[in-house]
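All chains should be built: construct the whole structure from the sequences, respecting the hints.
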Amino acid sequence: MNTGSGDRTGVAGGACSGTPWRDPKQQPFIEVRSLTKRFGDFTAVNNIDLHIYRGELFTILGGSGCGKSTLLRMLAGFEEPSEGRILIDGLDITDMPPYERPVNMMFQSYAVFPHMTVEQNIAYGLKKEKLPRDTVRQRVKEMLELVQLPELARRKPQQLSGGQQQRVALARALIKRPKVLLLDEPLAALDKKLREQTQFELMNLQDQLGITFVVVTHDQEEAMTLATRIAVMRAGSFVQIGTPSEVYEFPRNLYVADFFGSINIFDATVISWENQDITVELDGTGTRIQTRHPKTLASGSRCQVGIRPEKVLISKKPPEGAGQTVTRGVVQDLAYYGNRSIYRVRSEAGRVIQVSAQNYQRSAELLLEWDDEVFLSWDSSCSVVMTE
Amino acid sequence: MKRPSTFLYTVLSFGFAFLYVPIFVVMVYSFNDSRLATVWGGFSTRWYTALLKNQQILDAALLSLEIAVVSATLATLLGTLAGLALNRMGRYRGRTVFTGMIAAPLVMPEVITGLSLLLLFVSLKELIGWPDSRGANTITIAHITFSMAYVAVIVQSRLAAMDQSLEEAAMDLGGRPFAVARDITLPLIAPAMIAGWLLAFTLSLDDLVIASFTSGAGASTLPMVIFSKVKLGITPEVNALATIIIAIVTVGVLIAGWIVLRQRQHGSNRPEAGAPGD
Chain A
1 MNTGSGDRTG VAGGACSGTP WRDPKQQPFI EVRSLTKRFG DFTAVNNIDL HIYRGELFTI
61 LGGSGCGKST LLRMLAGFEE PSEGRILIDG LDITDMPPYE RPVNMMFQSY AVFPHMTVEQ
121 NIAYGLKKEK LPRDTVRQRV KEMLELVQLP ELARRKPQQL SGGQQQRVAL ARALIKRPKV
181 LLLDEPLAAL DKKLREQTQF ELMNLQDQLG ITFVVVTHDQ EEAMTLATRI AVMRAGSFVQ
241 IGTPSEVYEF PRNLYVADFF GSINIFDATV ISWENQDITV ELDGTGTRIQ TRHPKTLASG
301 SRCQVGIRPE KVLISKKPPE GAGQTVTRGV VQDLAYYGNR SIYRVRSEAG RVIQVSAQNY
361 QRSAELLLEW DDEVFLSWDS SCSVVMTE
Chain B
1 MKRPSTFLYT VLSFGFAFLY VPIFVVMVYS FNDSRLATVW GGFSTRWYTA LLKNQQILDA
61 ALLSLEIAVV SATLATLLGT LAGLALNRMG RYRGRTVFTG MIAAPLVMPE VITGLSLLLL
121 FVSLKELIGW PDSRGANTIT IAHITFSMAY VAVIVQSRLA AMDQSLEEAA MDLGGRPFAV
181 ARDITLPLIA PAMIAGWLLA FTLSLDDLVI ASFTSGAGAS TLPMVIFSKV KLGITPEVNA
241 LATIIIAIVT VGVLIAGWIV LRQRQHGSNR PEAGAPGD
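Quick note, the sequences are listed as chains A and B, same order.
Counting along the first sequence from 1, when you hit position 191 you're at 191 in this note's numbering, and nothing is skipped either side.
Counting along the second sequence from 1, when you hit position 274 you're at 274 in this note's numbering, and nothing is skipped either side.
Not one of these hints is a red herring.
Partial selection, computed: residues in chain B whose CB lies under 7 Å from chain A:
#: 1; residue: M171
#: 2; residue: G174
#: 3; residue: R176
If you're looking for bench data, these hints aren't it; they were derived computationally from the structure.
Computed from a predicted structure; not experimentally measured.
C-beta atoms are modelled at their ideal positions from N, C-alpha and C, and glycine is treated no differently.
This is the structure we're talking about:
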């Protein structure tokens, strides 16, 4: 699955250097062993194994009801696992109550104490540790500066905006200097502008403090931009774990492919597989595509071929060059976004293929119009073969 | 905005007149100098002075206050625990039944509550020899049983409106269960408890029916004394007493209302939570 994928860790999570998950000698920082949680007949989390490394910004992504929040609550200690163990930094915390775990959480609702000032909220965790008053005051001051709220120290939460409340919640969790910070949908309640800003702030903070972050979200964009690695979760199990570019460019199955952006899917039959080189034949047109696939597939077995809209080139003239998959079609629909345009092209075989094209030429008229005859082409190696 | 019609003003005036004129009349006549309760004989505060010298009424007032304070306090304690239990025990079989049952005393006719409590005390005496006589104790117990329901309902609705992750957050930050209850839960439900206490206090002070059923010889609460006096004819003294009670009750209701209002405003200021998780 890793072949040729770009590595985004250098951009996203500076605290986590390199790619520890590819090094078998690395000790995982958080180790989840065959973890299961059942509520009556319902299995929320089903026999999960997970390794998260020190300094990672690990994102668990999934739709509602996939078990991601239950998993997070088990890490925090609010739910007791039915089976399995959780280890952090070598310490088995499975049976530890939440107030003894070296883990802190930022809640989706922020859960800022309404009857305490910003200062009191942030100091709460340290007061429970029975630290001397001067130390508490000093660390609260530092923390207020870190989250850029020093002038609001004496305000009550009702007087703060959503974004400010979030900073209080974050400061309150970070001041405990946890080994792991859990974040439940950290950006869900913020408006779009603030989201982008907060996203970068979270990444910077994580970089500065070197704390391992585990984020739960249902928003694929949030996951893509924040994470060093993403675990895609569905019905209590992980479907795929990988870097953002891995899950985007090399989705293991249709579910993952569809979760991250849009993708054109063709039904196909395997012609041959040898040493990761695969040839498949698309149904209907008989077009043959050569690409790579890590797992052995028998000749004649059924599969799906996916191609991302932005990988498809659209042109009026037939494309040149080898190793391309080419098809002809008619523009059925188009949407102009300024920086790019989305075309829906009906191919000769009668299927609709979505194309996303950069508008790299400047023109007041549309370069392509409805009902134009066009050629679609893409580098065959960009095709993803999926079997589920 | 359109100006409300004269008709609406008239209806409103009649409505309020219907509610408050009788009370106003009592208050005016309490300052009546005449011995005849219905004939105006000039302004005087002499009935208030007479009232302060009437030992029977003073004793009854003291007893009523005692019962009200004790029963309101115990009802707040028990009602809060009941509210917590109903809110926190999760979804279990028969939860709706229990929630309904705690609210039932609110709508139960007082005569029936009083009668059933009387029967309970009588049969208890036969069974275990307690209570050996009915009086302040039995009235207090009776008042606790029905005012507890009011407290439970108020506290429960406060808890239902409270974000439960507040307590989890406190625990996450190192608060042990007892510290969380003291630092977070208690301060947040305190307004509901105070409102509940004031309501229970007022209900106990007002009650005539249940007290009459559960009281024995020698223990007469203020409403019981007033009622027996009125049977012999309305005296200006009773008017003065009524005015004082109206004043106390009004203050109590205003404070309770203010607390509930403030608590609601706090609630509406909470940030909108985003898309719910799973």
